Amino acid sequence: VEHMDGAMDPTIAYAMNSLCNLESASSYLNVFSGSATLLIETGQCYPNLKKLVGFDNNKKHLSLAIQNIKKAELIRRIQLKERDIFDKPDLGKFDVITSDLPFGMSISKGEDLRSLYQRFIEYCQETLNSGGRLAMYTSEYEMLERIILESEFEVIKTMELKLITAVGAYLRPRIFICR
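In the working numbering, the protein residues as written are 1 to 179.
No lab work stands behind these hints, which were simulated from the structure alone.
Fair warning: this is a prediction, and the values are worked out from it, not measured in the lab.
Some clues are possibly wrong.
[Unchecked claim] Pair ranges (Cβ atoms, derived):
#1 I164 x R76: 36 to 42 Å
#2 R76 x G168: 40 to 46 Å
#3 D90 x D112: 20 to 26 Å
#4 K70 x R172: 31 to 37 Å
[Claimed, not checked] Restricting the straight-line Cα-Cα distance to at most 27 Å, the calculated cross-link-like pairs of lysine-lysine (DSS-like) are:
#5 K88 x K60
#6 K60 x K71
#7 K81 x K50
Cβ coordinates follow ideal geometry from the N, Cα and C atoms, glycine included.
Let's have the full structure, built from the sequences with the hints guiding it.
Here it is in structure tokens:
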């Protein structure tokens, strides 16, 4: 219903979720949830999940997400929170954590992405259940990969994508699946 610049394409969200073994999971967290594309795809495709939570620190994004979640008729299943990753939000532990990481084109221009990604990975190490999956999507894959290598996570799959933008340029983001 409501679109935002930099939002993930639903097809990519579906593909990313399909790599996370969600059939055997019971809890799911979407960090930097934006307009809720990942959460909605998850809610529609995985009725077995008992806990679906997303958070973002942008009130406008959360407002758009609520409208989209209502339209998808998932308002009773999905919890949205206004939280900042740097505040280490305590939302419990999760079997799967996903994120369409901000990568400085439409969202987070001028931010220190390295410190944002570093904090994100640290947060996920604290929040992901043992044996869980972490899925991330970004165009800043070289930076993310270096941070992952310094963490407790192991990359078990990557997927390279080639997307054309509205102005005819190509983006080459990657999906990382870690445990």
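- [ ] Could you work out which earlier hints the structure fails to respect and list their numbers in ascending sequence?
- [x] Per hint list: zero violations.
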